[in-house]
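> Sequence:
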Amino acid sequence: MFGRVCAEHGVEHRLTTPYHPWTNGQAERMIRTIKDATVRAFHYASIDDLRRHVRDRLPA
1 MFGRVCAEHG VEHRLTTPYH PWTNGQAERM IRTIKDATVR AFHYASIDDL
51 RRHVRDRLPA
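With this note's numbering as the guide, the letters of the sequence shown map in order to residues 1 to 60.
FYI, nobody ran anything at the bench for these hints, they're computed from the structure. Do not rely on the hints blindly, as some may be mistaken.
Stated by the list, open to error - The following label-pair restraints were derived from C-beta to C-beta distances:
hint, residue 1, residue 2, range
1, His20, Ser46, 32 to 42 Å
2, Thr23, His43, 26 to 36 Å
3, Ala45, His13, 17 to 27 Å
4, Pro18, Ala45, 36 to 46 Å
Ideal placement from N, C-alpha and C gives every residue a C-beta, glycine not left out.
Please construct the entire structure, taking both the sequences and the accompanying hints into account.
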């Protein structure tokens, strides 16, 4: 089911190599970059406001 949803939304799901922190670090950095850009773009008063915004926009 996860693979189907990824395909429907054009998401490429990649797995990382076990015990290879460099790859996980790249993924974590991308998440941080997206989060920082989102926070700046919408000027949230708190992290809870950001969480509500993300939750309300993600498909169930």
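> Take the hints in turn and mark each one as holding or not.
Going down the list of hints, with the structure as the test:
no.: 1; hint: His20 / Ser46: 32 to 42 Å; in the structure: holds, 35 Å
no.: 2; hint: Thr23 / His43: 26 to 36 Å; in the structure: holds, 33 Å
no.: 3; hint: Ala45 / His13: 17 to 27 Å; in the structure: violated, 33 Å
no.: 4; hint: Pro18 / Ala45: 36 to 46 Å; in the structure: holds, 40 Å
Hint 3 from the earlier list is the only one contradicted by this structure; the remaining hints agree with it.
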